[in-house]
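Enquirer: The residues making up each chain are set out below.
4 protein chains.
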Amino acid sequence: MVFLPLVTQLIQTNMDNQGNAILLIHCQDTPGIIAEITNFITVNKGNIVNLDQHVDHGANAFFMRIEWQLEKFLIPKDRIGEYFQTLYANKYGMEFWLYFSGQKPRMCIFVSKMSHCLYDILARYSAGEWNVDIPLIISNHEDLRPVAEQFGIPFHVFEITKENKAAQEAAEMKLLEENGVTFIVLARYMQVISDEMIARYPNKIINIHHSFLPAFIGAKPYHQAYERGVKIIGATSHYVNAELDAGPIIEQDVARITHKDSVDTLVNKGRDLEKIVLSRAVSKHIDRKILVFRNKTVIFD
Amino acid sequence: MVFLPLVTQLIQTNMDNQGNAILLIHCQDTPGIIAEITNFITVNKGNIVNLDQHVDHGANAFFMRIEWQLEKFLIPKDRIGEYFQTLYANKYGMEFWLYFSGQKPRMCIFVSKMSHCLYDILARYSAGEWNVDIPLIISNHEDLRPVAEQFGIPFHVFEITKENKAAQEAAEMKLLEENGVTFIVLARYMQVISDEMIARYPNKIINIHHSFLPAFIGAKPYHQAYERGVKIIGATSHYVNAELDAGPIIEQDVARITHKDSVDTLVNKGRDLEKIVLSRAVSKHIDRKILVFRNKTVIFD
Amino acid sequence: MVFLPLVTQLIQTNMDNQGNAILLIHCQDTPGIIAEITNFITVNKGNIVNLDQHVDHGANAFFMRIEWQLEKFLIPKDRIGEYFQTLYANKYGMEFWLYFSGQKPRMCIFVSKMSHCLYDILARYSAGEWNVDIPLIISNHEDLRPVAEQFGIPFHVFEITKENKAAQEAAEMKLLEENGVTFIVLARYMQVISDEMIARYPNKIINIHHSFLPAFIGAKPYHQAYERGVKIIGATSHYVNAELDAGPIIEQDVARITHKDSVDTLVNKGRDLEKIVLSRAVSKHIDRKILVFRNKTVIFD
Amino acid sequence: MVFLPLVTQLIQTNMDNQGNAILLIHCQDTPGIIAEITNFITVNKGNIVNLDQHVDHGANAFFMRIEWQLEKFLIPKDRIGEYFQTLYANKYGMEFWLYFSGQKPRMCIFVSKMSHCLYDILARYSAGEWNVDIPLIISNHEDLRPVAEQFGIPFHVFEITKENKAAQEAAEMKLLEENGVTFIVLARYMQVISDEMIARYPNKIINIHHSFLPAFIGAKPYHQAYERGVKIIGATSHYVNAELDAGPIIEQDVARITHKDSVDTLVNKGRDLEKIVLSRAVSKHIDRKILVFRNKTVIFD
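Heads up: the protein sequence lines correspond to chains A, B, C and D, in order.
Quick note on the working numbering: the first sequence kicks off at 5 and runs consecutively.
Quick note on the working numbering: the second sequence kicks off at 5 and runs consecutively.
Quick note on the working numbering: the third sequence kicks off at 5 and runs consecutively.
Quick note on the working numbering: the fourth sequence kicks off at 5 and runs consecutively.
Some hints here could point you the wrong way.
One copy or any two copies: either way a pair holds, since identical chains are not told apart in the list.
[To be verified] No farther apart than 16 Å at their CA atoms in a straight line, the calculated lysine to aspartate or glutamate pairs in the EDC-like style are these:
no.	residue 1	residue 2
1	K208	D291
2	K273	D305
3	K208	D249
4	K273	D257
5	K300	E40
6	K300	E247
7	K108	E133
8	K264	D56
9	K117	E133
10	K273	E133
The set of hints was computed from the structure by calculation and includes no laboratory data.
Predicted model only: the values in this text are computed from it and were never measured.
Next comes chain A alone, as it looks inside the complex (with noise of 0.2 Å):
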């Protein structure tokens, strides 16, 4: 191989740098982070877009989202990783997360038998509202093919019962796998989710689940609010984990109510709130905005 002067190869490969770069960080908090990396980001050439940064004072804990055009950055797009790695996280010990606006994530969506939510992401997604890839729907029912055929979407069904699970849920992550699926929205899949499925998806599977958590955990919770005379009902969206319903809260909402809903009025008023909120949570993790640190999320601007 020929030797070229380094300016040389950069501007070679820079043909390439378009879009926005995201760096999402996590590490100690120490003094001076925000101006080593924001100043590698303003030498490099790089036009930072966006930051927005956060401290823990109580776990002592830092976390940093930012976003920068990538049309005139020295750094090519595909060394970003690199340099940063050999440069910042090896000296303060961070965890970080390089991201692309030119790359879309790619979402599978699992459904069961309601159609509020599936309907609210393919409408946004159909409308071009999110930047994102929806390569298949997954189901362990028939019911919301015809949905999936409206909007020209591959849709799977695997029946799950007792006896056949793993074996199922391996044919779906070898489904997800082929179809290069980086995060999975649980639109009202009225199934657990296997530890092993988590495992292979950490704080890559959002649930929506039909309470205000932690109030109501499990099943049934309009049955539950009902019954307690709550006065407010919630929807919340989570990551899953092992624990159920215990994860990760990335976005809740709420809706007044009164002695006179019924059961099924309260399963009318949280359908808007079920959707809207999951909807909610799907967009910011599309966007790169959520880093999740011991079981909280931190939601950038």
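Take the given structure of chain A and dock chains B, C and D to it, following the hints.
Expert: For chains B, C and D alone, kept in the frame of chain A given last:
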């Protein structure tokens, strides 16, 4: 006693018929109840100014609040209860509560060391927002005596220890009785009320719990909320019953938080929720708008 | 025609008495109305399942919505209106509207180019959330034809220019009539409806305006909101009347924003508001829960 | 004066370096600003505890709030402003505001006859919620003197008529100056502030308007809201500028209402909104979290 014809008697007694009567009713749902009761008031020349009713179809239970002007009402004020009992309550197996707008409820506030709920209540009281008397404030600490004195309300301290609790509560109840107290407001009173006292004031003790119940029951709910990483905090006012934080909920409200909030800022944001939610509940109690049924509240408009 | 005794007639006709009757009433406030009407239903063996009434004391106006089961009701369905007119409406100078749960309202959706409200409505329709028929969709552009086709609903395009507007609206109204349309939903339809058409559908055209009315009337409300620097944006659904964005308000909701929001993110956040607020209004209209009085709505529970 | 080497000077002066410095910055957006400023603080041994920045891409404007601990900061407190001016402000054409946590803002409250906002502020003040001094209260009426006296705060009455307004405001401004007042809170003060006074306190007079601005500007907003038939009412706190109810908005909030609400109940519900919204705005002002730019506020976390 000389016999007087009925109409004359009525006219005489009617001299006192001023203000409004408020009737709260609960019984099994039966066709025709609304017609009978509205008819009873109308033919006796009462002018209905407010009617709200609710049927819990699941429990087959009927609830009603009806308010009418007494000015031309043919039945004297002090006989209405008797008439209603005879004509309707016996027939339908009703429970009913009859109030007059001229009879102010008498409230005792229990406090410990935090002033925000107390100030909010006393400011409203002082501005004449509420149709209530506050003959006294009770505390287990001296701290808020200056606030009581600012507003010229007697302040009684009963220090509570494990050993003296029963005796102190007995003394408190004697004082409440002497002051004609009809309901109690626990304005961040940091003591558990004994079952004896609760039994003496059933659905007449209003507490504010600084969480969105049933989430975060018990001590330090803001710490619990912080640990769980919720995105919304709440406050709940409820009637006190024998089970901790499990009484009938009157009012709830919430506030949005983020990962940037520490326990301290949650406490700050929560204070505003607590005082507003408590005052809304107190206001509804004062206006006789609440019925309790199976550990839930029916709250009339 | 052979004479049949009344009771027999009733029993025969009663074969069709199924479902519920819904009666909306408006008249001057007079003592005894509630008693008379509830009595009328009760003595004729109707089982009242829902009653909500409102008195506007300032305007001395009475409003009521009452719903009862027809199964054992003695008056045949097709005579109830006549009886009610004769017995009560004439006497009290009432306006009244009588509906039957079995008669589905027929809705026409008008759209232009934005799909979010349309998808939200069609997803609910498709999931059977609403007791409504949607025989057709009308647009001034071709853009959303694929969405209509996804859901199998006829899609008619009437391009509107200054010159052809009257003729096109006439054609639209003919089509609406042929399809038995009872109300119209403007789901971000970017055309002003003419007075002729409004007069044909008084309080039967529901619009969604993307601001918290009466703030930001007219064009580009998100731009206006951005310019003014508000901290909360809103959406308003209202019946269309002759004055722009000034018809009776049915439903409003809001979302918090910050200085970080651009016009684009306002538009994004607003979309969710718009679709939910519009659908809530449509749902109330379908359920016959709205009365209009002096350019304001009474919305029954 | 004996010459001392710089470092010694610094060490000596540093004896006073306690608490935090808060720096608010505004300038044209230029690459590298964040890096330079965080670097400046870090190399001088300031520990950044809070950083929030915002870029208005449309206006190409940069905003930043940065807070750091002074304890080990090498530059003495009373020289920081000068250093910053020389090193950065001149270079970037910045406007900047430097505050120290130990310097309490001094607030004067203006009131008329309504007590709810005043009580809310004084209760917080009295409980130590805010880092502020309140040396005096000014009113155009005697009514609230007892409230001021309850809290031991001097109360000055300046009756305002058309004729004496200029003279009275001059006297007020003299009093404000004597008391070192840094900002003014209009707690339902029912007088328009003159342009002279506004010019003396630019973006330093906080008003609460009892509507969701820009809806219902001017007098009697609750009456206007009632007439329009809105379903949500609001309150808006803003800095006062020369145009009525048109100054930069700091905070807004809303409450849901129904057709059952009269003007009176709107006023009641509005009171809670007003006091909370005003207090939130005051709190942000006290914490130096607000920058005003082109009649809008940037509100830092």
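Enquirer: Against each hint, give a clear statement of whether it holds in the structure.
Expert: Consistency of the hints with the structure:
1. When the C-alpha separation of K208 and D291 is checked against a cutoff of 16 Å, the pair qualifies only within one copy, where the shortest distance is 13 Å, while the shortest distance between copies is 38 Å.
2. In this assembly of identical chains, K273 and D305 lie within 16 Å of each other by CA distance solely across copies; the values are 14 Å between and 28 Å within a copy.
3. For a Cα distance limit of 16 Å, the shortest separation of K208 from D249 inside one copy, 15 Å, qualifies, whereas the shortest one across copies, 36 Å, does not.
4. In this assembly of identical chains, K273 and D257 lie within 16 Å of each other by CA distance both inside one copy and across copies; the values are 12 Å within and 14 Å between.
5. Proximity of K300 to E40 under the C-alpha cut-off of 16 Å is found in neither arrangement, the shortest distances being 27 Å within a copy and 32 Å between copies.
6. In this assembly of identical chains, K300 and E247 lie within 16 Å of each other by CA distance solely inside one copy; the values are 14 Å within and 31 Å between copies.
7. In this assembly of identical chains, K108 and E133 lie within 16 Å of each other by CA distance solely inside one copy; the values are 13 Å within and 34 Å between copies.
8. In the homo-oligomer, the alpha carbons of K264 and D56 lie at most 16 Å apart only across protomers (11 Å), although the nearest pairing inside one protomer, at 44 Å, exceeds that limit.
9. Taking CA atoms no more than 16 Å apart as the test, K117 paired with E133 passes between copies only; the shortest distance there is 14 Å, against 25 Å inside one copy.
10. In this assembly of identical chains, K273 and E133 lie within 16 Å of each other by CA distance solely across copies; the values are 11 Å between and 24 Å within a copy.
Checked against the numbered hints given earlier, the structure breaks only hint 5 and satisfies all the rest.
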